[in-house]
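Letter by letter, the chains look like this.
Number of protein chains: 2
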Amino acid sequence: MTIKLHCFGESGNAYKAALALELSGLAWEPVKVDFFGGETRSPEYRADVNNLGEAPVMIDGDVKLSQSGVIQDYVSEKSGKFGGKDSAERREILRWVLWDNHKLSSMAGMTRFLMNFLPEEKQPKEVIAFNQGRLGAAYELLNNQLERRDWIVGDSITNADLSCCGYLYYPEPFGFDRSAFPNIDAWLTRISETEGWKHPYDLMPGSPADRA
Amino acid sequence: MTIKLHCFGESGNAYKAALALELSGLAWEPVKVDFFGGETRSPEYRADVNNLGEAPVMIDGDVKLSQSGVIQDYVSEKSGKFGGKDSAERREILRWVLWDNHKLSSMAGMTRFLMNFLPEEKQPKEVIAFNQGRLGAAYELLNNQLERRDWIVGDSITNADLSCCGYLYYPEPFGFDRSAFPNIDAWLTRISETEGWKHPYDLMPGSPADRA
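Top line first, the protein sequences correspond to chains A and B.
Going by the UniProt record's numbering, the residue at position 44 of the first sequence is 44; the numbering climbs one at a time, nothing skipped.
Going by the UniProt record's numbering, the residue at position 23 of the second sequence is 23; the numbering climbs one at a time, nothing skipped.
No wet-lab data here; the hints were simulated from the structure.
The structure presented is a predicted model; accordingly, all values stated were derived computationally and were not measured.
Beta carbons are placed, not taken as given, at the ideal position from N, Cα and C, and that holds for glycine.
Worth double-checking, as some hints may not be accurate.
To be verified - According to the in silico footprint, chain B covers these stretches of chain A (three or more CB under 8 angstroms from chain B):
1) 99–111
2) 126–138
What the hints assert, rightly or not - Computed Cβ-Cβ distance ranges for the label pairs, DEER-style:
3) B:Glu29 to A:Glu195: 35 to 41 angstroms
4) B:His199 to A:Glu172: 41 to 47 angstroms
5) A:Ile59 to B:Pro208: 34 to 40 angstroms
6) A:Asn51 to B:Glu120: 25 to 31 angstroms
7) B:Glu120 to A:Asn183: 54 to 60 angstroms
Unchecked claim - Residues of chain A placed beyond 12 angstroms of chain B at every Cβ, according to the derived structure:
8) Thr2
9) Lys32
10) Ala47
11) Asp48
12) Tyr74
13) Ala88
14) Arg90
15) Glu92
16) Arg95
17) Asp150
18) Pro182
19) His199
20) Arg211
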């Protein structure tokens, strides 16, 4: 049975799950969530897909999962990929997935939304500046981790990489400049050269261009 | 060997790990981190305890772990407690731990810090108001999840509860009013009535009172 992922191109959190599915080789297909049209807030979505209005949501037969890190965990269990080679690596991967949720993707996703998907007059400038300060510290930490390393954990691509890169390929400006963080820049190139890699707007349905 | 947890009373993230250790029955002891004195930014801490300057850090013989969710995972593996009774529960717990890191504790911890541990004139008012709006949505979601349920996942206390409650017992104001969320209020009481429960300032060394 083909795994279904309810997702949309603009969501870096959905991208983390979609990229794990795509690179794992499992059979999957995207189901477009019309987030900007309010679909995740609709009674139908809450009843049929996710009671908390979350995206992405993965459905594999009777298994329905949300939160990208949980979907990645499931993909790893099913495919044997990206989950680390022992319990120490598994915990180190979880550490980075949690850090990403706490410090990197949460802030990057929110800041990109505020700067690109809200009308200019509604953008909270002080919040954006504050978030960019926090993000600067997160980029620096990640850049340091990638000094003399190809991957965040161990010696191959794992869910730590597939989580932390979630928002970093998007073209819309949110204060992230790849060229200022050479180790991150090289690592993003390395991920994008992995067999089967696709940009979020090519991997999932929906992009700002559709609404232009 | 006694497990050591580098922690401090003011940290709700440290509390999540300390509370899991305490309620698990494992032998552990706290090691005070002088966060407000800059210890996590010192070269010694970075060299000896955690290269990223994180707290809490758990040390059990040769095992050194950071990120509260990773420490909880380790405590569950070692004690057999709080990790869920099967893989479906384990994933549902991970879902809530990730959600907490993304939406609840990250925002609550930051907002409490800004409102209580920065001088009045340095408090970014627009950021605080924005965060409180986000937190309101998170409290409502958690309150709904706890409707007709004693615990977030399954029918006993798990790491989902021990994660989400991390910042919710602190007395310093950050916009959270227990009485406005009756299911959260009852759930916090339920956790605090668990055998062995302690308030963060009683469980870990250091509190604002020490610096008053």
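Results for each hint:
{"no.": "1", "hint": "99–111", "verdict": "holds (count 6)"}
{"no.": "2", "hint": "126–138", "verdict": "holds (count 3)"}
{"no.": "3", "hint": "B:Glu29 to A:Glu195: 35 to 41 angstroms", "verdict": "violated, 49 angstroms"}
{"no.": "4", "hint": "B:His199 to A:Glu172: 41 to 47 angstroms", "verdict": "holds, 44 angstroms"}
{"no.": "5", "hint": "A:Ile59 to B:Pro208: 34 to 40 angstroms", "verdict": "violated, 47 angstroms"}
{"no.": "6", "hint": "A:Asn51 to B:Glu120: 25 to 31 angstroms", "verdict": "violated, 41 angstroms"}
{"no.": "7", "hint": "B:Glu120 to A:Asn183: 54 to 60 angstroms", "verdict": "violated, 39 angstroms"}
{"no.": "8", "hint": "Thr2", "verdict": "holds, 20 angstroms"}
{"no.": "9", "hint": "Lys32", "verdict": "holds, 23 angstroms"}
{"no.": "10", "hint": "Ala47", "verdict": "holds, 14 angstroms"}
{"no.": "11", "hint": "Asp48", "verdict": "holds, 18 angstroms"}
{"no.": "12", "hint": "Tyr74", "verdict": "violated, 7 angstroms"}
{"no.": "13", "hint": "Ala88", "verdict": "violated, 8 angstroms"}
{"no.": "14", "hint": "Arg90", "verdict": "violated, 9 angstroms"}
{"no.": "15", "hint": "Glu92", "verdict": "violated, 8 angstroms"}
{"no.": "16", "hint": "Arg95", "verdict": "violated, 4 angstroms"}
{"no.": "17", "hint": "Asp150", "verdict": "holds, 18 angstroms"}
{"no.": "18", "hint": "Pro182", "verdict": "holds, 19 angstroms"}
{"no.": "19", "hint": "His199", "verdict": "holds, 23 angstroms"}
{"no.": "20", "hint": "Arg211", "verdict": "holds, 24 angstroms"}
Checked against the numbered hints above, the structure breaks hints 3, 5, 6, 7, 12, 13, 14, 15, 16 and satisfies the rest.
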